[in-house]
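Chemist: Given next are the chains, with one letter for each unit.
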Amino acid sequence: MVGELQMRKYIINSFLAAVILFAAACKPEIDTAVGTSAGQANFSKYIAVGNSLTSGFADGGLYLEGQKVAYPNLVAAQMATVGGGSFTSPFFTDAQANGSGYLSLTALVNGTPTITPVLGNANRPGSSTLLTKYTGEVQNLGIPGMRVDLAFAAAFGAANPYLERLLTDTQVGTVSYFQFIQGRNHTFFSLWLGNNDALGYATNGGVTTDATNVLTDKSTFALLYSNLVNALTAGGQKGVVGTIPDVTAIPYFNTVTVAALLNAAKAINPAAAAIYIQTGTGTVRAATAEDLIRLPFQSAGLFGVPNASGLPYGLHPLNPIANNWVLDKDEIIKVKDYVVSYNSTIKSLADSKGLAIADTYSYLNQVKTGLVIQGVGINSAFITGGAFSLDGVHLTPRGNAVIANVFIDAINGKYGSNIPTVDITQYRGVKFPN
Amino acid sequence: MKKILLSVLLSAPLWVLGQGFQVNLQGQKQIGMAGAGSALALDEASVFFNPGAVSFLEKNSVSAGVNPLLFKSAFQRTGSNVTEDVKNKIAPPFEFYAVWGPKSNRWKLGLGVYTPFGGLVDWGDNWSGKYTLTSLNLKAIYIQPTLSIKITDQIGIGAGFVYNHGDVNLQRALPVNFPDGRSGKVTLDGTGKGYGWNAGIYIKTLSDITFAIVHKSKVVTKLDGGSAEFDVPNSLRTSFPAGNTFNAELPLPATTTLGIGIPLSKSTSLAFDASWVQWHIYQDLSFDYATNTSALADTKSARNYRDGSSFKLGINHQASDKLALRAGVGYAFSPVQDGYVTPEAPDADRYILSAGAGYSFTSKFEVNASFFFEDVKSRKQKNIETGLDGTFKTLVYAPGISLTYKW
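Protein chains in written order, with our numbering: chain A, 1 to 434; chain B, 1 to 407.
Next up, chain A with everything else stripped away, as it sits in the complex:
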């Protein structure tokens, strides 16, 4: 009996020990080649050329949190496994993390948001517009407000505080963005520029008042864009270009709808029959669902306010919503036509140079109808859609992660590399107040 007990103990102990060792050793393995090859590309020095989207501008401002998750920064981090080098960005310091200032969602009552500005803290002493200078190597070359046409205007370096902060005093007003991005010994580049050549016009309601809201001539765009591509590929470098999204794919134009305004009006005056707008041609007519009203109209405090004659704003043909608040049907057709033309230029130049194409135009059109990625629903709804920040134009961190993957997929597809994609679940959408 003693022998049996010992034997039993021995058997059980051996059995358990074997089981534990076995289980610990035998973790499930999943093999992958991802993250092992740069393919035909060389990512050792990547530079990112572009506008606000490239800079990480979000929530109506450029601030540190947004800068850190700008899509080029996310892409660069993923490139590290396939030979990517360090990637420098003109970050604001922690002490000036609010940068230019930005918008914050401070309340949400019955679906109505209250959006409050957070003041910037990176202004240069004595100036309300200029920002603290940044000196040193910069690889994220995104400049909010940059356009293809203005990339060649040296004077813009003095007018645009985001470019101004990166230039030396002698360069300001004398060096164009086109010149600024050159001579950086890059091995790889991304170029996502041209959005503002159409968007500047659209977000001003189709009204041109200065160089930032002119609709860039199509052939001018083609010429200047080819200059950019030629400069960036002068040393035979490979790269990726981004197409320009349809301006109507963003919440900025899809949140304050004609129907929503009419419903609001009817709630106060059931007799309200139509919303009246002034079109780009000066005509006054009833608005339809095909006319888009700019997001800031929501908080402009104009709608329904009677004029001197007692006629409510936007609700009477003699007091219509002004042209600059509305991208009317004809203006939409026009701006869409320009975007299609720009994109045709971008794609053909990219093809001729053997560059990858991140087709954000197509992708954001999919987002407009809604996508589900890794359990996260993403669409172009304001605030709840998750992809667009509080300005209705620029991306949330989650939106940046999604777009970073569009670029990575394009690069991998073109050059045979296998840069790992970004885990989008690690990036937030809009922050909701507690």
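I should point out that these hints are in silico values taken from the structure, not numbers from a laboratory.
Among the clues, some could well be false.
Unchecked claim - The calculated DSS-like cross-link candidates involving lysine-lysine, where the alpha carbons are at most 30 angstroms apart (straight line), are:
#1 LYS329(A) to LYS353(A)
#2 LYS27(A) to LYS89(B)
#3 LYS87(B) to LYS377(B)
#4 LYS27(A) to LYS322(B)
#5 LYS68(A) to LYS185(B)
#6 LYS322(B) to LYS406(B)
#7 LYS87(B) to LYS27(A)
#8 LYS222(B) to LYS185(B)
#9 LYS68(A) to LYS218(A)
#10 LYS382(B) to LYS368(A)
#11 LYS9(A) to LYS382(B)
#12 LYS368(A) to LYS336(A)
#13 LYS59(B) to LYS266(B)
#14 LYS414(A) to LYS380(B)
#15 LYS414(A) to LYS336(A)
#16 LYS27(A) to LYS377(B)
#17 LYS185(B) to LYS368(A)
#18 LYS382(B) to LYS185(B)
#19 LYS9(A) to LYS406(B)
#20 LYS347(A) to LYS336(A)
#21 LYS414(A) to LYS382(B)
Remember, it's a predicted structure, so these values are computed and weren't measured experimentally.
Model the placement of chain B on the given structure of chain A, informed by the hints.
Modeler: Just chain B now, with coordinates in the frame of chain A:
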């Protein structure tokens, strides 16, 4: 035969009950034989495997066993080079059986308490599929009183009533962010019950080859008034009200098993079981919230399971009067179709390997041990509902031990 599930909300939830939720651990001897044994009157676990065989048991007995189960699943998102593993958590499938009947009579009573469905997966709060699931703890405990009658010396029949007590706790992250950037979270927790039956016929031919036909009915388990707790920023509280509850229904499928037992020698027998698991009843998973809001609608998620099946072959060898050795192999076909694989039950076809041993210390007291291993095939999937896109690979390890007292 089945299991549970849950899901929920905002855009897309998920749910699954799969082979992955089916726990093939109901009797230490049979586990050692890969889960085969419906056609062998081996022991009191026949209450589960074949109530018809219970009346052929020579002794009255009571036994209790446990099979600590380690479900090691890994996920690699498509396009990523990072493999994410579930946390090491031990699930405790157990079994208790008692069989009693007057020695001279042709009938026996039996009672079984066992865990035919369950799942314990914890992917952590911040993995790449967190918006589909962070953790699931699912338990179905079947309680089965049984009557078995030996109609002739060759044929036994038996049937039992099944009461299922189900517990489920499912958690996932919500893609809404607090001011500090962290995600919201939902926890669904509920208890349910269901009823069914388990009946079988045991046939012993003159050549001593034995046959079994067993049918375990579906057990539709209803969860009423489970708690649905949403951890969201206060500005969204009206959309996700506190104190909400949900109802859900978990259809645990019927299983029909055909078994054969073949005595190879006086001391060695072979068992083969083929099972047809009627998962087609699991067409969708629906959650009905007591309070709905514009952001929280009731959900109905397509599952579209097909029937699953398994084939198991085991051998039992009585090496001496006291020592028995066992081994088994098996293969199971997943009921989860492409596009419906989820992290709660990252299911795929699987191989089963097992080994076991039993030792009789006296004529009354017996110890049995087993080791059960499943290799669930690697499966690359993009879930239709959640878009979760990646490769799952799972290995299951379950050592077990039971104690039996016979008289």
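Chemist: Run every hint past the structure and note whether it holds.
Modeler: Going through the hints against the structure:
{"no.": "1", "hint": "LYS329(A) to LYS353(A)", "in the structure": "violated (36 angstroms)"}
{"no.": "2", "hint": "LYS27(A) to LYS89(B)", "in the structure": "holds (14 angstroms)"}
{"no.": "3", "hint": "LYS87(B) to LYS377(B)", "in the structure": "holds (20 angstroms)"}
{"no.": "4", "hint": "LYS27(A) to LYS322(B)", "in the structure": "violated (36 angstroms)"}
{"no.": "5", "hint": "LYS68(A) to LYS185(B)", "in the structure": "holds (25 angstroms)"}
{"no.": "6", "hint": "LYS322(B) to LYS406(B)", "in the structure": "holds (14 angstroms)"}
{"no.": "7", "hint": "LYS87(B) to LYS27(A)", "in the structure": "holds (11 angstroms)"}
{"no.": "8", "hint": "LYS222(B) to LYS185(B)", "in the structure": "holds (24 angstroms)"}
{"no.": "9", "hint": "LYS68(A) to LYS218(A)", "in the structure": "violated (34 angstroms)"}
{"no.": "10", "hint": "LYS382(B) to LYS368(A)", "in the structure": "holds (21 angstroms)"}
{"no.": "11", "hint": "LYS9(A) to LYS382(B)", "in the structure": "violated (48 angstroms)"}
{"no.": "12", "hint": "LYS368(A) to LYS336(A)", "in the structure": "holds (15 angstroms)"}
{"no.": "13", "hint": "LYS59(B) to LYS266(B)", "in the structure": "holds (19 angstroms)"}
{"no.": "14", "hint": "LYS414(A) to LYS380(B)", "in the structure": "holds (24 angstroms)"}
{"no.": "15", "hint": "LYS414(A) to LYS336(A)", "in the structure": "holds (27 angstroms)"}
{"no.": "16", "hint": "LYS27(A) to LYS377(B)", "in the structure": "holds (13 angstroms)"}
{"no.": "17", "hint": "LYS185(B) to LYS368(A)", "in the structure": "holds (26 angstroms)"}
{"no.": "18", "hint": "LYS382(B) to LYS185(B)", "in the structure": "holds (23 angstroms)"}
{"no.": "19", "hint": "LYS9(A) to LYS406(B)", "in the structure": "holds (22 angstroms)"}
{"no.": "20", "hint": "LYS347(A) to LYS336(A)", "in the structure": "holds (16 angstroms)"}
{"no.": "21", "hint": "LYS414(A) to LYS382(B)", "in the structure": "holds (23 angstroms)"}
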